[in-house]
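Chains as they are written, first to last, in my numbering: chain A, 4 to 341; chain B, 4 to 341; chain C, -6 to 625; chain D, -6 to 625.
Quick caveat, the hints were computed from the structure, so don't treat them as lab data.
There could be a bad hint or two in this list.
[Unchecked claim] SDA-like, lysine to any residue: derived pairs with alpha carbons at most 20 Å apart: (1) K338/A with L467/D; (2) K137/A with E57/C; (3) K338/A with L43/D; (4) K15/B with G466/C; (5) K196/C with G333/B; (6) K260/C with G326/B; (7) K237/B with T216/B; (8) K338/B with A77/C; (9) K237/B with D219/B; (10) K15/B with G520/C; (11) K145/A with R250/A; (12) K15/A with L467/D; (13) K260/D with Y332/A; (14) K145/A with A316/B; (15) K145/B with P253/A; (16) K196/C with V318/B; (17) K145/A with R155/A; (18) K137/A with R286/C; (19) K260/C with V318/B; (20) K13/B with L467/C; (21) K237/A with A218/A; (22) K145/A with P14/B; (23) K260/C with D432/C; (24) K338/B with L237/C; (25) K338/A with A188/D; (26) K13/A with P465/D; (27) K137/B with R59/D; (28) K237/B with P253/A; (29) K186/D with A218/A; (30) K145/B with P306/A; (31) K145/B with A308/A; (32) K137/B with E57/D.
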Amino acid sequence: MSHSVLPQLKPKDFASDQEVRWCPGCGDYAILKAIQKTLSELEVPRENSVFISGIGCSSRFPYYMATYGFHTIHGRAPAVATGTKLANPDLDVWVITGDGDGLSIGGNHLVHALRRNIDLNIILFNNEIYGLTKGQVSPTSKRGTLSPTTPRGSVANPISPATMALGVGARFVARSVDINQAHLVEVLKQAHANAGTSFVEIFQNCIVFNDATFADFTDKAVAKENQLLVEDGKPLLFGAERDRGLRLDPATWTLEVVRPGENGVRSEDVLVHDETNRTVATMLAGLEPPEFPMALGVLYRDPAATFDQQVLAQVEPESEGRGLADLLYGGRTWKVGD
Amino acid sequence: MSHSVLPQLKPKDFASDQEVRWCPGCGDYAILKAIQKTLSELEVPRENSVFISGIGCSSRFPYYMATYGFHTIHGRAPAVATGTKLANPDLDVWVITGDGDGLSIGGNHLVHALRRNIDLNIILFNNEIYGLTKGQVSPTSKRGTLSPTTPRGSVANPISPATMALGVGARFVARSVDINQAHLVEVLKQAHANAGTSFVEIFQNCIVFNDATFADFTDKAVAKENQLLVEDGKPLLFGAERDRGLRLDPATWTLEVVRPGENGVRSEDVLVHDETNRTVATMLAGLEPPEFPMALGVLYRDPAATFDQQVLAQVEPESEGRGLADLLYGGRTWKVGD
Amino acid sequence: MTDQHSKTKTNGAGGPAMREVRDSVVVRFAGDSGDGMQLAGTQFTMENALAGSDLATFPDYPAEIRAPAGTTYGVSSFQIHFGAVDVKTAGDELDVLVALNPAALKVNLRDLRIGGTVVADSGSFTARNLAKAEYEGSPLEDDTLAPYQVIQLDIGQLTRNAVEHLGLSSRDALRSRNMWALGLLLWMFDRDKQATVDWLRAKFKGVESAADAAVATLSAGHAFGETVEMPTKIPGYTVSRAELKPGLYRTVSGSDALAWGLVSGLKSSGISRMVFASYPITPASPLLHLLARMKELGVVTFQAEDEIAAACAAIGASYAGSLGVTSSSGPGIALKTEAIGLAVATELPLVIVNSQRGGPSTGLPTKTEQGDLFQAVYGRNSDAPVAVIAPATPADCFHVAREAVRLATRYMTPVFILTDAYLASAAEPWLIPDLTTLDDYPVEMRRDPDGFQPYTRDGSTLARPWAVPGTPGLEHRIGGIERDSATGNISYDPDNHHEMTRLRAQKIAGIAADIPEQSVELGPEEGPLAVVGWGSTYGSLFKAVERSRAKGMDVSHIHLRHLSPFPRNLGDLLGRFERVLVPELNAGQLLAMLRSTYLIPAEGLNRVAGRPFRISDIEATIVRLLETERTA
Amino acid sequence: MTDQHSKTKTNGAGGPAMREVRDSVVVRFAGDSGDGMQLAGTQFTMENALAGSDLATFPDYPAEIRAPAGTTYGVSSFQIHFGAVDVKTAGDELDVLVALNPAALKVNLRDLRIGGTVVADSGSFTARNLAKAEYEGSPLEDDTLAPYQVIQLDIGQLTRNAVEHLGLSSRDALRSRNMWALGLLLWMFDRDKQATVDWLRAKFKGVESAADAAVATLSAGHAFGETVEMPTKIPGYTVSRAELKPGLYRTVSGSDALAWGLVSGLKSSGISRMVFASYPITPASPLLHLLARMKELGVVTFQAEDEIAAACAAIGASYAGSLGVTSSSGPGIALKTEAIGLAVATELPLVIVNSQRGGPSTGLPTKTEQGDLFQAVYGRNSDAPVAVIAPATPADCFHVAREAVRLATRYMTPVFILTDAYLASAAEPWLIPDLTTLDDYPVEMRRDPDGFQPYTRDGSTLARPWAVPGTPGLEHRIGGIERDSATGNISYDPDNHHEMTRLRAQKIAGIAADIPEQSVELGPEEGPLAVVGWGSTYGSLFKAVERSRAKGMDVSHIHLRHLSPFPRNLGDLLGRFERVLVPELNAGQLLAMLRSTYLIPAEGLNRVAGRPFRISDIEATIVRLLETERTA
Ligand SMILES: Cc1ncc(C[n+]2csc(CCOP(=O)(O)OP(=O)(O)O)c2C)c(N)n1
Ligand SMILES: Cc1ncc(C[n+]2csc(CCOP(=O)(O)OP(=O)(O)O)c2C)c(N)n1
Ligand code: SF4
Ligand code: SF4
Ligand SMILES: [Mg+2]
Ligand SMILES: [Mg+2]
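Put together the whole structure using the sequences plus the hints.
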């Protein structure tokens, strides 16, 4: 594949000429900026990036990128992207989806992309609501959510996207927040660097239908206190002063919040983040304010061979072998006449 | 609902008049017998039990039961059953599905039934293959499986049904084996007793397309050694002599096999099964021979309000309230003429 | 104004001295999504209804939730056609356009008739807003509006003035611009404002300051018309009362009427519960939202994980003896295809509501179209006949929904209701039916085990018995594999399959004996030309035929409610016309069905632009056909 | 035997003294699923092919994987029709039925012609097996078989005898009963057995004892015919060589031919990779299985999680510049509906193979039907035209697959191939095409950024450019929302939507100019009656017309490959016939399309029994129509 040799592109070089049509104040704007910044910093050629989305406010994303883009149908972006990747594994394929698109109608495609570990970056904009269709509950909506379809409050338990991803064998699971650009860009870079399915959940504010649903850990006032920014090999400390941490209670197999230096808790008692431990990652994914901080960053990473590599490896070795004629003439044939 | 008063029914009273059409030697026969036995022991009236299935060898199941039965379409049984339950929550609804039906095409419906916790007993016959369509790989097939669609071996990672169920918030997860009738009947009774979605995975041998895929823990010779029959409140011991057990390694957050009495391991070191601990249940679900035993029984149980109860509770309170006329005349109206 | 009979006359008591008298008028309120145009339109509608006008409305929203302010794609509008005559459509052309910003003017001006009136909020024609609307210069200053009567007012400033004494912030004050415009329009058409005042007071109960502001603004707009001294004189009109049947009325949208019709059908069937399983999608969601608030009427709504699950849950509910209903629009209906086949095979009642929208694929989600007739009638694997019916007007949705429930339960079959984006949100006055006089059609579930076989059919309907889990002695198994024509057990027998295929077809065909013969809406039952339509094009077709007939043309209007099966006399009826014109908002779907069924050389008039027909386009075609007829 | 010209004559060299001479013969091997009937049939086919017969075969399996031995629903059979004449179908009636157990006799006897021959393994007619087959007494002992010639042999015992010297267990020996029966049949029809011997030796390479046993049994059956002294004389037949075009032949099933045709199409297009995404389903799976073994030919197969994902993956692959192909049967195709709409909207190439089976819903999964034509042509939301083509015979699948690839890539459109359960497994001899002489149709991807717009169309095909991710300078966005007719950007403009709807339709309609005119298979190009068909009914229709013509009837056979769009001369052609009969294995789908398109009073002959037509049924209808014609 020949790439055009371009001077280093700026974030705005990744913006298409289409007017952005989200509601003023929507968290999607910040994510758009972060992704444009990420691509420019990764120095990837525009023509090699493909954004494939389903349907939803979030899924309008590809129209705003000056790369290749495909706004497909509701829930099916991972399936379309799988075909794209099998056709051309050299492309950088990003899947953009929402909590409704990716977890309701499209849940199964997400699950199977993850278990196959095909080399996609799947970015799920989780606003815990259906934005585009005007505010119905989604699979991540909190119990009791009032919405046009649940006028007396929703009664279904929400799904945790990251926990689900871990449960079906995902090999890269990360989380970030729309408005935390620095963190988000870093997480996206990690996702891009990972070969295989990289799953990134972004908490995104829908200002119109579900405003402030993440306020308990994204509001400026509490963000520092209630966000646990995990880093491989580093102790799981959080708080503005990094004065609190997570410890394992081996009796109950649960995590607890401790303050090193108080009540006999030592710094060594604080768990050190090990990206390859699926059990801990699953527990981290399940923590929620107010009892716990919200864990952000790369919760789990343990790369393995990708589906596309393996599938295509089965093709390549004999490529120089039989032709179609060999097949046709190779069976049991007979001659008639002369 | 009026139930016929019947003398206690025998297992064979739950058999329909239809000839059973599975391959001779198929594990499905044993499961059929076990379910018929379960129903007779539960003393449920025939007319109150409904078996709803998708498509697959396993999904032919309802035809062989003298209860109500609905052989629906591929993968959709949980969705059909959800409607049935919303229409009539008094029915005992059993969903019969396979690893293809329930985890491939129907994965999403399974996920959402589980997260909603609707009161169904979902029984997944896992034979790690597509039986009915003649032997293609399924989402549970082991890596490297040779099949008509993977002539050079499958390259996708299998899904663990129990792990996935736990990852999406299931509140009852159990496992058993086709040929272990006593265990299977007991597990099915527990599932039936649980209000909410009870998920039971049954390891089922497909003698034609995937014979002996579970032999490493179902073969008579090794069954005792390689099956860990979990029981709430009991230590996680296994082996013919119950001489081995599972211990938590707090350093690595993993489980390890130990022999109490050897190398300084004490009986108290062996983990005691706590059905309500999702983290441990998830780890148990992930164990596999030969390193580990296969964990069978009720891995996780932590009941909560069911979806059907909660939905219908929102209906009932005001049932005596407004009529349609109130709605029609209740808005802004005006009179014309007189 | 939409008709030619406008004249000026002196009006007696009440209004200003000189008001033009009109038979009917078309007004559109247009502004930014945040400008409250839907609200102003709804209130204007109510005051007209109370004043005795017949009317039809058509709201139009942008596809975006909240497009950036001032953009052309962020424009929201509400159109109302009201008058003394029988009003059947929201109107082809506007008589009055209210434009609260440049973008609203830009997008809507093309629909204003030459000589029509623009009411423009000149205060909003700032450089910034003009740029957003992609105007080079201000249309208020160049000759863009030359063909129209223009009333430029700084409505923003006038609104601020009106609430000055209440001490509101400028921002809050500006929110009431819609009320000011509404007040002015009410004055223009000599309408009362009391119902609106009452409604505002009720709405803002507890927030008196807000209520005061809104009422003050409304009154200011109204007073302005009365008292103003302006370069542009503000015209006043008199639109007299329509001759509506006496009784109690309300306005009703297609979504309302469908919801109520389904509930009414449920009651008539005697079934205790409806399970309405759906998945949100534009423009079908409102029906789900409405029914979600009718739990006390026996309705359980279920927002499923996708459309397939929704269809399956509805089937599972019908299986268990509830009325299973599912609803979506084109792309979602496509997903339900396989499940509908299961309902056909297992012969269970199922009502499927399709709120059609522009396609293919995601298409134009908020725009109307009639593109899914083929999908409903033909769009399944194998021969899988179902019943298909379509409402003609918002109010008709009520009766069509009832009919769907009747057919589904009586014939144990899926029934499609083909409504569309237009009907879903359009509204009209509705003579509220007396529920006690509606025909019941009680359903009999099978209870008796004696001689029970799940596929033994009723002699007259060919329906199989509805035998519900929980009933002792009726335990049986059904499924999608072909079933023995009596026992329902799996059968691979070739002749049984042939027979079952025939029975499925005959059962649906037999419905023709149980529905009314096709009548002619307007015009004689034979002649040179019939205009044949279905669904939401009713009003345009009717009006076009009415006007053509008024001009002396011999043309009739026939409108189909039943699309599968067709009414039993339809072939005969159509055969009595020399030409048959089939206008559709698709590429010719009913057309193909009529041609193949009756072998008549019907011709299509097809417009696929996401909007209702213009009456005038149909009129023109009628003229063309009748003229070619003459010259041929 | 299938024709009337059988006579007895003395045969010279080679065979036994007296052999009846026949033009063609229909033989069916039937036994339990485990009895190896498919294998015996395949070998018998091969020997007949090598002997120069034309032939057609039809395997029939039970729906169950391995039904309990001896049951009627566990019967497996293989039918072959071979002869000197042009053999087009597997035959209406059997001349010889080989029945290896009572169930096989029970299920198949109804297809044996009166006077035909039954070869029954009497050793298998035990009380137990008779009971399983639901026989009251043994049909070998009552008058059940009176109308037939019966050859009862204890084939089990004869097989055991044949391998006695090899020391096999009785169980192992019995496995070779099929070979014994094959040997006998080869003798009966004077066929060589060398190819089978060679094949057995190759198959059992390394397990010489197994090979020895099979060969010994085969030879024993063959020798038995030659030498036997029996109460029943075993008849011998001579079936002479067909006049096949000279060249190298092989047998080919529809599935084989489709797989090869797709690969050949791929080569002709110059595209380097095909992504074949599918989900297993009967009877479509064999195509997936075959292509899964063709990785070195540029084929990547993908077993997706469901049919929706399969369709979407194929679309994603085409988007990225591969040839996306997806395949299923009715219920699975139904699920792909929404995704196909996306391919229509985004105008991407997509080949969709539908192996039709009995329906609706799960229906009759292993049986054939032509029920999905409506679904292919009409079965989507909104107006979403695609191309639809259908193969007529197993070998024709090759060319139809190539044509599908050509149309999909040239017109940037989904193309349906409608094959069916019959074609998928039926086989016929095939003159292997010289691949070097096939027409290439190289695809040009867009590379030049200059003036590039994703929806600017080619003037002649109306196709948009195929601009593939990875190409510098062509970055663009596409999607399912309506697109501007040039830039491809989202457009809600009404006129643009109308125009795009028109363009999509016109693009597909324009294909008519790029496909051959419709020809007449047999008979004149005008007359009192045309029999018009499509798909796998080809052989039956052709033969019925051929026989009718031989009897002096004036009737023609027209067979459509292109169903959307129709060939451009089709209307004219059909208009030249007084009557048009459209036999279909559905309730009348092509019939409806022809009637609506051309307004001709075509009539249907519809049989929906999961099986091919009988030639005689069609003949009878031809006679009836021509007679009513005469008397009318
Ligand atoms: C098949 C189909 N079903 C339903 C819809 C309607 N629909 C569009 S977006 C959406 C939900 C979007 O929610 P989410 O993915 O959370 O995106 P958000 O708008 O919140 O970003 C739905 C139900 C559709 N377009 N297609
Ligand atoms: C929509 C649809 N797709 C595909 C099929 C074909 N099909 C039937 S069963 C099956 C897989 C069954 O596998 P599993 O659920 O594991 O059941 P098993 O036969 O192994 O018991 C498939 C692919 C179908 N019937 N319908
Ligand atoms: S509705 Fe919510 S998610 Fe959608 S654009 Fe508006 S703020 Fe964003
Ligand atoms: S194919 Fe396998 S799963 Fe199916 S009936 Fe046979 S043995 Fe059982
Ligand atoms: Mg969302
Ligand atoms: Mg299976």
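Consistency of the hints with the structure:
no.: 1; hint: K338/A with L467/D; result: 52 Å, violated
no.: 2; hint: K137/A with E57/C; result: 10 Å, holds
no.: 3; hint: K338/A with L43/D; result: 8 Å, holds
no.: 4; hint: K15/B with G466/C; result: 16 Å, holds
no.: 5; hint: K196/C with G333/B; result: 16 Å, holds
no.: 6; hint: K260/C with G326/B; result: 10 Å, holds
no.: 7; hint: K237/B with T216/B; result: 29 Å, violated
no.: 8; hint: K338/B with A77/C; result: 16 Å, holds
no.: 9; hint: K237/B with D219/B; result: 24 Å, violated
no.: 10; hint: K15/B with G520/C; result: 71 Å, violated
no.: 11; hint: K145/A with R250/A; result: 27 Å, violated
no.: 12; hint: K15/A with L467/D; result: 18 Å, holds
no.: 13; hint: K260/D with Y332/A; result: 17 Å, holds
no.: 14; hint: K145/A with A316/B; result: 19 Å, holds
no.: 15; hint: K145/B with P253/A; result: 33 Å, violated
no.: 16; hint: K196/C with V318/B; result: 27 Å, violated
no.: 17; hint: K145/A with R155/A; result: 13 Å, holds
no.: 18; hint: K137/A with R286/C; result: 17 Å, holds
no.: 19; hint: K260/C with V318/B; result: 17 Å, holds
no.: 20; hint: K13/B with L467/C; result: 19 Å, holds
no.: 21; hint: K237/A with A218/A; result: 26 Å, violated
no.: 22; hint: K145/A with P14/B; result: 44 Å, violated
no.: 23; hint: K260/C with D432/C; result: 10 Å, holds
no.: 24; hint: K338/B with L237/C; result: 10 Å, holds
no.: 25; hint: K338/A with A188/D; result: 14 Å, holds
no.: 26; hint: K13/A with P465/D; result: 17 Å, holds
no.: 27; hint: K137/B with R59/D; result: 10 Å, holds
no.: 28; hint: K237/B with P253/A; result: 17 Å, holds
no.: 29; hint: K186/D with A218/A; result: 82 Å, violated
no.: 30; hint: K145/B with P306/A; result: 19 Å, holds
no.: 31; hint: K145/B with A308/A; result: 16 Å, holds
no.: 32; hint: K137/B with E57/D; result: 10 Å, holds
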